[in-house]
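Participant: Can you join these two chains into the complex? Each is in its own frame, and there are hints to help.
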Amino acid sequence: MFVPNRYFPPPISQLLGFSASPRLCGLSLRGFFGRSFFLGAVLALGVSWAGAAAEPIRIGEFSSLTGREAGLGQYTHMGVQMAVEEINAAGGVDGRPLLVLAEDTQSKAGEAATVVRKLITRDHVVAIVGEGASGRCLEGAPIAQRAGIPVVSPAATNPKVTEIGDCIFRVCFTDPFQGTVMAKFAHETLKVRRVGVLSDVASSYSLGLAGFFRQRCIVDGVELVGEQKFSGGDKDYRAQLTALKAARPDALFVPAYYGDAGLILLQARQLGLTVPVLGGDGFEAPELVQIAGAAADGAFFPVHFSTSDTSPRSRSFIARYTQRWNKAPTGVSALGYDALNLIADAIRRGKSAEPKAIRTALAGTTGFEGITGRIAMDSERNARKPASIVRVEGGQFRFLQSVAP
Amino acid sequence: MTELLQQLINGLSLGAIYALIALGYTMVYGVLRFINFAHSDVFMVGAYIGFYLGPRLGAGTVWGGIATLAAAMAGSAVLGVVIEKLAYKPLRNRSNLTVLITAIGVSLFLQNAGQKILGANPRAFQFPVPGGGQQRLFPETQLHFRSLTISSNQVIVLAVSAVLLVALWWIVHRTRIGTAMRAMSFNATAASLVGINNDAVISFTFALGSALAGAGGVLYAMNYPSIDPLMGTLPGLKAFVAAVLGGIGNLPGAALGGMLIGLVETFVSGTRMSTYRDAIAFAILILILLFRPAGLLGKLRVEKV
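Protein sequences appear in the order of chains A and B.
Using this note's numbering, the first residue of the first sequence is number 2, and each one after it goes up by one.
Using this note's numbering, the first residue of the second sequence is number 14, and each one after it goes up by one.
Here chain B stands alone, though its shape is the one from the complex (with noise of 0.2 angstroms):
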């Protein structure tokens, strides 16, 4: 039974980190109809800001650790922006194949220049105390409840998670951005005719979403505590098919699969199964989409032709 619950607490704190990242694949798509493959290395230099603006910001302590938060947020929305400006903006016109492409070429760069720039080998997350010593994000202790251990870092993923999902539902449902963002995603063409400004709200959505992924990037490194250029990778392979899983285009489902995807990994890995886990979570992955092939929570569209 502890091990059980434990597993429980294992398997949300990882599907929170996939929902975040999972959210920002499903805004993009909803939007533009094609998966933004560089999302994932969005997620990899919200980390990297995190880790060179931490000592500036006070990591360590929790007002620190929140500042480190936002500001890895805030530089990976302005990142998410550029890249669509540069990379996606001239393709607006062209086959979704084309854009798609791109994203992968903008993935590749991500990764290869971070490998040249921040250097290829495995950092450590974590920063020095004054003193001498090193320290985490935030403040860290083990919380005992009978024989179960929870660290505090888990407890705040969830937490973190949990105030950014609330934030984005009522961005989505009760601004006029929001709202312009879902008529767009309804159709895109009769929005602007009745004057939305597409470009912008283009901008906004690939802001939000690389928000929440560099948020993502955060959390996932002061959990995991070791970075480089490539851990967007797995991560954000997993967050992408959590999207599919729970419906792409649909924002509760994206946060729904990312639990799902979390959970179905930990649980798999906690028995004798564990070197078949991955296997597993994709095993289930087909199996909803035979039977559900639009995810858990989408719905068909009907291509008119």
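So that you can see chain A by itself, here it is in the shape it has in the complex (with noise of 0.2 angstroms):
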């Protein structure tokens, strides 16, 4: 096609109004959740019997339900889906039962703004949990800062997201942390003397990660003998790959998402490019070992929750969570839950449903006990959070170490 996606009319879902009617029956979805959300509707409906008829807060969510990173948001909204039910089940915050309305942004840049402004103007939503990926999180977060609407951002790392005001917040860790985390790690575990990186041009995310990287190494004198770019969904990147196997790495440093990823890994060994793959958080899905298969063996990334971490509060998670969806929740799904969770426990911090209230809740966050770990915001509204090293082993995440900030 010639026509850039973002001039396109809306998917036909959109257009022949398929979200209109489950809307009614307390989760609106748009997408590919078929059985999921007519389990959801079944449950919520009773919930909202039982709450007898007190008005629903209605709390936004926008995330990437279709698209390249399908991966990412599917993954946070089941963790967003089952935290209402739970919520709703055990009868709701202060009486009233919540109300999720999820917009897709179909992993493309231009639909995030146009979503959220949707979700604000017309769903009048008091709170969003929205967009893990930083870039469509930072096209999307200053319309609701506008509006002085709050949102809790799962995953997005860029730290430019919280700089956009006082109403953005997120649940996870920051680029500038991760990227360190890394670097360290490259440099002390692993021995690497001479690195190269490979950075998707396309992504606000990849390219400030790559950066807080580079100035690692620098730091830690790890010399970087080759920089090559890609742009997202490129599907080839052995070109670059061949350039930076000709440079010689010890190691090689992509941040990237898990579809890219799992290509890159894919075509780096193909190539004869034997020499160990660091990421960033993006790498975390089932998706990146199904693409890149045995070649994904000996990547290291890290990850905002590990399935094997053993604390109660984890186990359980886990086990309610395999139990509702049939698959094991990924370090999105947790933050998800997470984050709207923060949200219900600032409405009744604040014993209001005002988005003034509930931001001002959430900035005041302490000692909030997350699946992910415990929440505190701090005044750039960051959660302060540690980061484990997974290597990836035979098509498994295995855990290595935890890094505290």
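Hints in this document: simulated from the structure, not taken from any laboratory.
Just so you know, these numbers come straight off a predicted model, no measurement behind them.
Careful, some of the hints might be misleading.
[To be verified] Simulated restraints on C-beta separations:
no., chain 1, residue 1, chain 2, residue 2, range
1, B, S165, A, E394, 22 to 28 angstroms
2, A, N327, B, P141, 16 to 22 angstroms
3, A, T275, B, I114, 46 to 52 angstroms
4, A, K357, B, M286, 45 to 51 angstroms
5, A, L225, B, V176, 41 to 47 angstroms
6, A, K357, B, P68, 52 to 58 angstroms
7, B, N109, A, G299, 53 to 59 angstroms
8, B, V176, A, A320, 51 to 57 angstroms
9, B, F122, A, K192, 51 to 57 angstroms
[To be verified] With a cut-off of at most 35 angstroms between alpha-carbon atoms, the simulated DSBU-like pairs for lysine-lysine come out as follows:
no., chain 1, residue 1, chain 2, residue 2
10, A, K192, A, K236
11, B, K129, A, K328
12, B, K129, A, K236
C-beta: ideal position from N, C-alpha, C; glycine also.
Facilitator: In structure tokens form, the structure reads like this:
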């Protein structure tokens, strides 16, 4: 197609109004949650009867439910949806059920702003859980900031996200932190002296993370022998990898989302480039291993939440999640779950479901016990949390070490 | 030197796929004078046919791979003909612009129906081994020549493309239907006056072009094993550019254009300029069109009023 995607009309599901009816039943779902939607609707329906017509609290969600990073959005959404179901089953927040209105950014630039505007002006949400991908969060969040609606991002790690304004929060660690952690890990644990970087020019996440990694490498005296760029969704990275291979690095740093990363790992091994590959939290999705197969083995990346975490809280979450969705959670599922629970907690603490009160309560979060760790908001509205570094072994993400900020 | 040769191989295997898709654009243009924008989505459907039929046809072996490829080509050919009959044929006597917009509509329909039916999440293009584990469409090995590493997949892409190009040349130049296609592209009215069934030729052209797109889809998915319903957009755009670059309506031009785009992209990606890959590829297109408005091998037609 020669027309840039952003000028295309909305997907047919939108035009035909597929999403109109589920609204009534507690959860608005667009996209591909046919079965789960049905279940969710039945559950939520039961709750709203029990809640005896109390006006629901409307919370928005925007994430990449379809498109290239659909894994990211869908896993987040499953976490959010599970949190809502649990809260509503327990009687809601101060007697009022929660109603989550989910919008899809289709993993592409230009959609986030539109859907956030829609959530605020048409759906009148009081708070938003939104977009794990930094680039699209940066697009949508400023609109919420202007309207004074608090946004809690589950997994947008780019530092600029919370710099947008005092309404934007996150429950994950940031890129300066994970970039530094991975550079230190390469230098100290893997004894890397020469490193090559392959980053995605179309992603704020990737460029930011590459920059923080590079800064730390300079501090540590690790030599940057090659730096190559691609554009998200390219599929062919052989040219860049061939050039990187010629520079003879000891390791590669590839800040990319799992779809690109899987193909990069595969093609690197096909070209005989066998050095360790380090990534960012965007690597974490089962699709990474499905695409790269055995080529994924030996990749290292930081995660927000490790399924090998043995605390009772995590154990119980993993068990409930697996039972609900028939698959194991990923880091973003846990972050989505935490983000929604944090908003519910803020509504309880502030004793009000007004955006302003929620914002104030969120900013005052000091000791919220989440699945991904204890969350306390600093003055920049970032949660300070440790990262766990994992290594891919036989298709499994094996926990290596935890690094505190 | 090694790096240069390695990049040459990378570029050729990418260019071969662009060439296969570009041929479909150019053939339809040659016969009907419009750009079939749904072509890039037939390419996507081809990859999905391979994905679903692969396990039943014995993917993982050479013959299974060839059978899967043939099935994808057949399925895509049928889809191409169906699209032509349902969407384009009723508009046969309307302006080209109407058909062009319809083509964009068909493309959007296929993309969104694909997301609805096939799922929006990217899938790994590989097949379960009965005993556990995953395998690719063709058995895969790495061939080493000194410090050069060539994936057997890249060799297969080049070989299959070469075979298909020769077969296409033979059909167009050595068969009756091929002669009819050429006659129609020369002058459709005159062709019908001498007894050529235009509808049959158009259907055949769509079948042929779509079969090539289907093969391209499977080869692309094999080389870059992550498929999603929007996967056709970018390669389709590049192939369209390749067809224009070579001279739209000209078959060898499309093949040449595809190879050129693949090589330029790969060589630019391998330098410090990798950020500007698409910009440079398209700048070359603009330059060539400035000096040769009909494309590299195209001939200018004078519009008679």
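Participant: It remains to establish, for every hint, whether it holds in the given structure.
Facilitator: Hints and how they fare:
A hinted range of 22 to 28 angstroms for the beta carbons of S165 (chain B) and E394 (chain A) is consistent with their spacing of about 26 angstroms. Take N327 (chain A) and P141 (chain B): their Cβ atoms lie about 19 angstroms apart, and the range 16 to 22 angstroms holds. A beta carbon spacing of about 50 angstroms between T275 (chain A) and I114 (chain B) agrees with the range 46 to 52 angstroms that was offered as a hint. The given range of 45 to 51 angstroms is respected by K357 (chain A) and M286 (chain B), whose C-beta atoms sit roughly 49 angstroms from each other.
In this structure the hint that L225 (chain A) and V176 (chain B) lie 41 to 47 angstroms apart at CB holds, the actual value being about 44 angstroms. Checked against the hint of 52 to 58 angstroms, the C-beta distance between K357 (chain A) and P68 (chain B) comes to roughly 56 angstroms, which is consistent with it. Look at N109 (chain B) against G299 (chain A): about 54 angstroms separates their beta carbons, and that is inside 53 to 59 angstroms. Checked against the hint of 51 to 57 angstroms, the C-beta distance between V176 (chain B) and A320 (chain A) comes to roughly 54 angstroms, which is consistent with it.
A beta carbon spacing of about 54 angstroms between F122 (chain B) and K192 (chain A) agrees with the range 51 to 57 angstroms that was offered as a hint. Between K192 (chain A) and K236 (chain A), the direct Cα distance comes to roughly 30 angstroms. Compliance with the 35 angstroms bound is thereby established for this hinted pair. Distance hint between K129 (chain B) and K328 (chain A) is fulfilled; the C-alpha atoms sit about 21 angstroms from each other, no more than 35 angstroms. For a cut-off of 35 angstroms, the pair hint linking K129 (chain B) to K236 (chain A) stands: about 23 angstroms separates their Cα positions.
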